[in-house]
Amino acid sequence: MVNYKCFLVVLLFSLVLSFGLLCSAADNPSKRGRLRHDLNPEDPLTRYAKCQRECRQEEQSQQPQCQQSCLRQYEQEQRSQGQVQVCQQRCQQEEQRPEMKQQCVRQCREQFEEQNSRKEEEEEEEWEGRRQSHNPYYFPRGRHAQARFQEDNGNFWVLQKFAEKHHLLKGINEYRIALIEANPNTFVLPHHCDAEKIYIVTNGKGTLTFLTHKNKESFNLVPGVVVGVPSGSTVYLVNQDSNEKLTIAVLHRPVNNPGKFEEFFPAGQGNPQSYYRAFSREILEAVFNTRSEQLDRLFHGKQSQQGMFRRASQEQIRSLSQGATTPTEKQESFAFNLLAQKPKFSNQNGQFFEASPSEFQLLRDVDTSILGIEINQGSICAPHFHSKSTFVVIVTEGNGYVEMVSPRCSEEEEEETRSGEYRKVKARLFPGDIFVVPAGFPVTYVASQNQNLRFLAFGLYHRNNSRIFVGGKDNLVRKMDSAAKELAFGVPSKLVDEIFTDNPKESYFVSGHRQQRAFV
Amino acid sequence: MVNYKCFLVVLLFSLVLSFGLLCSAADNPSKRGRLRHDLNPEDPLTRYAKCQRECRQEEQSQQPQCQQSCLRQYEQEQRSQGQVQVCQQRCQQEEQRPEMKQQCVRQCREQFEEQNSRKEEEEEEEWEGRRQSHNPYYFPRGRHAQARFQEDNGNFWVLQKFAEKHHLLKGINEYRIALIEANPNTFVLPHHCDAEKIYIVTNGKGTLTFLTHKNKESFNLVPGVVVGVPSGSTVYLVNQDSNEKLTIAVLHRPVNNPGKFEEFFPAGQGNPQSYYRAFSREILEAVFNTRSEQLDRLFHGKQSQQGMFRRASQEQIRSLSQGATTPTEKQESFAFNLLAQKPKFSNQNGQFFEASPSEFQLLRDVDTSILGIEINQGSICAPHFHSKSTFVVIVTEGNGYVEMVSPRCSEEEEEETRSGEYRKVKARLFPGDIFVVPAGFPVTYVASQNQNLRFLAFGLYHRNNSRIFVGGKDNLVRKMDSAAKELAFGVPSKLVDEIFTDNPKESYFVSGHRQQRAFV
Amino acid sequence: MVNYKCFLVVLLFSLVLSFGLLCSAADNPSKRGRLRHDLNPEDPLTRYAKCQRECRQEEQSQQPQCQQSCLRQYEQEQRSQGQVQVCQQRCQQEEQRPEMKQQCVRQCREQFEEQNSRKEEEEEEEWEGRRQSHNPYYFPRGRHAQARFQEDNGNFWVLQKFAEKHHLLKGINEYRIALIEANPNTFVLPHHCDAEKIYIVTNGKGTLTFLTHKNKESFNLVPGVVVGVPSGSTVYLVNQDSNEKLTIAVLHRPVNNPGKFEEFFPAGQGNPQSYYRAFSREILEAVFNTRSEQLDRLFHGKQSQQGMFRRASQEQIRSLSQGATTPTEKQESFAFNLLAQKPKFSNQNGQFFEASPSEFQLLRDVDTSILGIEINQGSICAPHFHSKSTFVVIVTEGNGYVEMVSPRCSEEEEEETRSGEYRKVKARLFPGDIFVVPAGFPVTYVASQNQNLRFLAFGLYHRNNSRIFVGGKDNLVRKMDSAAKELAFGVPSKLVDEIFTDNPKESYFVSGHRQQRAFV
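Protein chains in written order, with the numbering used here: chain E, 5 to 524; chain C, 5 to 524; chain Z, 5 to 524.
Think of the hints as simulated: they come from the structure by calculation, not from any bench.
Among the clues, some could well be false.
[To be verified] Below, simulated DSS-like cross-link-like pairs (lysine-lysine); rule was C-alpha separation at most 27 angstroms, straight line:
#1 C/K174 - E/K174
#2 Z/K218 - E/K220
#3 Z/K209 - E/K174
#4 Z/K264 - Z/K174
#5 C/K346 - E/K165
#6 C/K498 - C/K483
#7 C/K174 - Z/K174
#8 C/K165 - Z/K165
#9 E/K220 - Z/K264
#10 C/K209 - E/K483
#11 C/K477 - Z/K220
#12 Z/K209 - C/K483
#13 Z/K348 - E/K218
#14 C/K174 - C/K249
#15 E/K346 - C/K218
#16 E/K498 - C/K218
#17 C/K483 - Z/K220
#18 E/K477 - E/K428
#19 E/K165 - C/K165
#20 E/K220 - Z/K209
#21 E/K220 - Z/K174
#22 E/K218 - Z/K209
#23 E/K218 - Z/K264
#24 Z/K483 - E/K209
#25 C/K209 - E/K509
#26 Z/K498 - E/K218
#27 C/K165 - E/K174
#28 E/K477 - C/K209
#29 E/K165 - Z/K174
#30 Z/K498 - C/K483
[As the list claims (entries may be wrong)] Which chain Z residues stay away from chain E? Per the calculated CB distances, all over 12 angstroms, these:
#31 S317
#32 Q326
#33 A443
#34 E510
Glycine is no exception: its CB is placed at the ideal position from the N, C-alpha and C atoms.
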């Protein structure tokens, strides 16, 4: 009896232990500690060198991004040190009043230190996001995805199930994202899926064809083209270009099991294999009214042809592209070109495209909107949230970063007992990165100083979604009653209005620096 | 190898054991045994004293209810003993036939004993319901709820997830109920949620304002007012009254994760904290085109102002209530007043209000109807069930009890292998109690002898729901074919008709005693 | 500490072990090995005798099917040996060229051996399907179902939850199938369910009556009649016939908890019990305005009448059938007759009936179509898949088999890392068997040589479903571009066209043998 008790204790202990390990993995305080200790705000150059050394231990493909990030960090630190110096110089003007001068210098230093400590935290968050991918919302390019077909001529990647990345994403777990990457002059083998699909071209040129139970549909592909492929339609593609890759993001809404879909290939001698091979010979002979030998040539031959991606001749490409429709800004049949539309908003800092299920019938079955955003270099997409949709953002060009507000307690599995505490989720964005923005979470995107940031996004569960700005000229606070502002912010409503109503001049996209320099 | 086997046994044993413990917790036969033993039908007064002693061990807030329940029990026993005496007196009339007289007296006693043994069972069920809350459908006021904000000026409670209360309720687990309780002259801080919401005022007077991406909506609140607040809308409230609390029940249908929602506060220096604080300073400076110092005054100031509930001045209250719409019986924009409607049914025993998604557009997104019921003292809401909706009942005034039929086997996790066995689920109802009635489960509500019982209810998954009476004049049995009645009840259909067709005189609400005394 | 580590290892080990056992149960290679070893292609008669011996160890009810299967196997082997002999005789014609003759004989034998090895594999799959029920999609009659009422006069079976049979079926887990079997002249007790229901008569004659909150509906039942019974409606049935059983398949879409439903009986003294008995006596007395004694006669009497199924007199049957509507090919109120429709397709090999939610309003709430198929003896339903619906097939008459293509990897719980590999799922079909065909999975049905195969099917999640043929004249490959055919099959498109375009002559239902014998 003593033994049984003991083993029960062991069982509980091991459960608690594994939970503990899980938690520590999610938070990793030792790592945070080490980083904090390593920081040496006095010497940005030393830190830059060290950062570069660390980059060399990264995967080959991640190295340039890592290096770039080191440089950015170094520049920021330089700039911030410069600000202190400017601040302290300003103090010299107070020469008449020495006590004021001293206080001024001290304030400058304090401000600098506060900035630095703030930055430390931010940097840690960044590092975590970029390197360790603890960030539940961030899927760095090539991570958290499985290759179903990884071949010389192309790749077919499927992003991990959302709920397996983090339990917070289980609300969108019925959706799956796949990425197709076809080399120049490559044909993608016909296949159907047990899923409703939306193809969106992120790069390159090609032709997509699919067969419904009635018709054949064929579309020319360029970046921004959106094609809706109904569940069960057999689809094939070709990359027309002789130089550039054709890359496509595919949103799947599976029809059999939420979040699980399969490809079915009619042709293929292995890897993939034709599904016809699974039928009995007698049945195939009868339904095709043919001899066994003929069937063998198609399905059982040991041909050298393997894989989902096949080199195509110029003639074959021409033939496949013949008669294909070129999608326009409006939907006819199953496709349209998002980027051929007039932007829903644009100013000198960026532009914004959107297609919703209410306008585009092909988006209705997947209940998803499509967003296209370009933020000019150095500009910011004003902080906002979406009322109902979760957005899955796919970076297509340039770089920058995202900042999102996440409730602190919601990241633990247990029941939420607190509310009103938030943390910043921050991630650098490079082409191919994927970032998930849940409904209601305030978010902002920032383009780097030297490149425009472009991304496309799927807005899952779109019905009646609206975009609500919390920053920029259209922020929601300005609409509140004066008394509400007073009571909420605990300051006279005039002060609240100054920030939320009087100062902001731009909507949607704002320039990265204050427009009127009031500082000095 | 022997050891491994042994450990497997331990593992299995511990699983079986924990399952056993779970089961015993749900049934608790030892407790039932003890209660049965304690019962002493001969001496109601002794039992009353003992019951009162036990109440003193209850939580402070539960004591008055407990005492009231003791008294009720005592009265019932007295009454039942009185009935035996009346019965036995009646027997004296049979003086002419002594053998009949003896039989009559014996029958009276047997009837009393049977009533008492039946009562014992019922009382146990009641005790379980009120005290131990094993009842899967019953959420006594203040239990099974977590305070997200528990402050001097008000409380914000969220009811436990339904499926965590009991697996039988997992069908409604995507919904959550919250309760807001604002003290007199108190302001509730602006916040938005990742959920569609229906507010229903259960007590008090106030003003609710919310901001959609387009407009500001503002409504005067009195009991019975229903306001639909779309997901992502920033809402704030004020209790106008200087004496009474403002209490509101809020139905949430979360949009990110089923059954999980968060509040996002734009203003707040801590507990709650403003979500603006999670954005980088550079970004806020740019998007608000302002200096860091100005931002600090709003977001980083160490003000004494804390909490979600804030005292408001008379002037602020007046200003917040200005221009607010007073909801009527019909929906204009986002609100209506359920209790300003003509009742869908009323008679001398009670009245019945209902608003369905087909009439009220604001109820469509949450797919929920709203019910308001008042049962006059001593009356009964005739037994009925709902064809499709699960009702979540919130008691607002008075007291009484509910009786519901529950399939016996459905309360175990395993697959149902039996059918056609039921148990009574009974719970006393006091203001603030919540009770869940699944679709198809026959249920009846009874008002106490001295107070009308009032409650509101959310009818979840309303589409095409109908109410089907199994008791009262409109009961379903009277509609059956005669042959079906005969075969089903195993007695001549005339006898069935007597009970289901001839005798009942009232619909919906019936008086608590037989209308025509046919008892000699 | 060493001990704790050790116990963790034990815990992990036991988890791994149980997972291993699970996997081995799903695959059972040892069994496969044994079967392979037992096969003796040289002596079909010996194998036939052995197969028969094995059948005697089957359950009583399974024996005739088992014997039939043995015979079929023997005949096939005989036929295949005969083909080798015919082939070898043909070689005698090559007398002029002795080296050709030898090669010809060798080819004949090789072909035979290949056929045999292929057959071995197929047979094993068959055996697994029929005997061991590892097949996730196959529910042999009487297995995987639980009797809620198993009585002298009838049975009420409920099929196991789909997800409990196999995780692959969790997508349809909210639906449940029940089977009612009422003996001649038997009445089925009134009851309501917390589920939307579709009744479909598979055999016999009767009358079904149900009470909504407004009306009484009554329908005459013959095979093919479909009745939609809304959730909460109290339904009763009678088998009119004096000789034949009345059998009905019932699709349930529960409204409280997905995949869980209960029956509620207003009448019954035990097994089932009336739900009225769970209400307090005082309440029943009040709402029925009646005396306790009267209630006792109906609900508490110790009558001999027990069970859900009751013998009815000829007079009672006549009275119950009076005034019932006879459903036609079109829906009026809540019923129609599928088999009274003009078939959607028919030829000399079979016919095909279909009713979809777009045409039949009663199918909308369950979002399900109804299919009726008759395949003439020796014919084949051409391989096809459905774009969106999962079909649950219920065999009603005759026998035959089904072959379905299933992705190999999808049968493991873990994340799919491969794609494009398939296995054949094969099962013999006899009346009462149930087979599930997920969306997108190519499938074919074959009738036996001596009997037409008839089945009905529920098409779950029907909206916008379409049927896509991969074999027969309407196959999808013929619609592909020539270049796509070339690239996909790796042979000149002319060869592809020969098989997919030129040869096939029949649609939907094709004869089991090649129509034009081109084999010399």
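Regarding the pair E/K218 and Z/K209, is the alpha-carbon distance no greater than 27 angstroms?
violated, 40 angstroms
Hey, E/K220 versus Z/K209, does the alpha-carbon distance stay inside 27 angstroms?
Distance of about 47 angstroms is beyond 27 angstroms: violated.
Given the hinted pair Z/K498 and C/K483, is their alpha-carbon gap at most 27 angstroms?
Violated, at roughly 70 angstroms.
Consistency of the no-contact label for Z/E510, given chain E and a CB cut of 12 angstroms:
The claim breaks: Z/E510 does not keep its Cβ more than 12 angstroms from every Cβ of chain E (closest is about 8 angstroms).
For the pair supplied as a hint, C/K174 and C/K249, confirm whether the alpha-carbon distance does not exceed 27 angstroms.
violated, 33 angstroms
For a C-alpha distance cap of 27 angstroms, please report whether E/K477 and C/K209 respect it.
Distance ~35 angstroms between E/K477 and C/K209 Cα, so the pair is violated.
C/K477 and Z/K220 were given as a pair; does the straight-line alpha-carbon distance stay at or below 27 angstroms?
Distance ~17 angstroms between C/K477 and Z/K220 Cα, so the pair holds.
Restraint status (C-alpha distance of E/K165 to C/K165 at most 27 angstroms):
The hint holds at about 25 angstroms.
Are E/K220 and Z/K174 close enough, with their CA atoms no more than 27 angstroms apart?
violated, 33 angstroms
What's the verdict on C/K165 and Z/K165, does the C-alpha distance respect the 27 angstroms limit or exceed it?
holds, 25 angstroms
Decide if the proposed pair is consistent with the structure: C/K165 and E/K174, CA atoms, cutoff 27 angstroms inclusive.
Given that 27 angstroms is the threshold and the Cα spacing comes to 17 angstroms, the pair holds.
Is Z/A443 truly not at the interface, in the sense that its beta carbon sits beyond 12 angstroms from all beta carbons of chain E?
violated, 5 angstroms
Checked against the numbered hints above, the structure breaks hints 2, 3, 5, 9, 14, 20, 21, 22, 23, 25, 28, 30, 33 and 34 and satisfies the rest.
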